[in-house]
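When the sequence shown is numbered by the UniProt record's numbering, its final residue is 287 and no position is left out of the sequence of numbers.
With a cut-off of at most 30 Å between alpha-carbon atoms, the simulated DSS-like pairs for lysine-lysine come out as follows:
1. Lys280 x Lys249
2. Lys115 x Lys133
3. Lys157 x Lys140
4. Lys252 x Lys202
Read the hints as simulated data drawn from the structure, not as lab findings.
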Amino acid sequence: MDRKNLFNQRRILIPLYRYGIYDIEVLGRLNYSRAAQPLRTHVHHGGLEICYLARGRQVYSVGDRQYRLTGGDVFITLPDEAHGTGRMPEEKSVLYWLVVRFSGRNRSFLGLPDKDGAELRHALLGMRHRHFKGSPTLCKILNDIVITYHTKGMPLKTAYLRNKIVEFLIMVVACARSGGVIGKNSAMQGLLDFINGRITEKMTVPDLARAVGLSASWLKAKFKQETGIPIAEYVLRKKIDLAKELLKKGEKNVTEAAFDLDFSSSQYFATVFKRYTGKKPGEWKHC
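All chains should be modelled from the sequences, with the hints used to inform the complete structure.
Next comes the structure, spelled out in structure tokens:
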């Protein structure tokens, strides 16, 4: 299978136990082109879960607290901790998740020397933050693992996969320790405020670039780096967020909401609305 078809799959599961890597219960990748059903509340008994949101956004719930992830974020749930998306759908996004097992004390953790394995275990379980900004390197490592797993006849494949898993976990710990707690820099926050204040208006990237005195190409690259999604998708998502409020409160009907938010037609508005919420606009008021 070529890389394009591989990464276009909706769901990829990588059973690393087939290569003797028993400390990773599962490694998976989701590629949702539209919103899906909510993720039911569940636990991983004895397993720590690491989610890396490569693109898009997602809301997770632990207890009575919600965490709002955007592209490039890492989210951690501890062993035996109940979590899910609550009533929120699994959104249009690309997400990796990995569950680390801490059982099997009679063998070394991920094949590491005992001291190093114990130190990595301790570091993973001792991360102070549950939600933090990751490094682009995390995505590269995970992509490498997916490609390697699906490459037939690769020499030293088991060693390569094991080393990549260790590299990924060490990088997650480093990101957690670096103070990358979620927050936008002041320049980017200013741009987001500018967009949010004009969300009912027609906006293009060149218009936004002129407004903030930057080149369009630099703005597009920096915006995606900071938020995890392209500018056009961010604008669409904010329009849908506002539409949900208008429809829920009964302030606008579907046609009026589509017109006020500068959609070309109510049909296109309904298509985009369902892509990001999993529901038709007319259904939203009763949710």
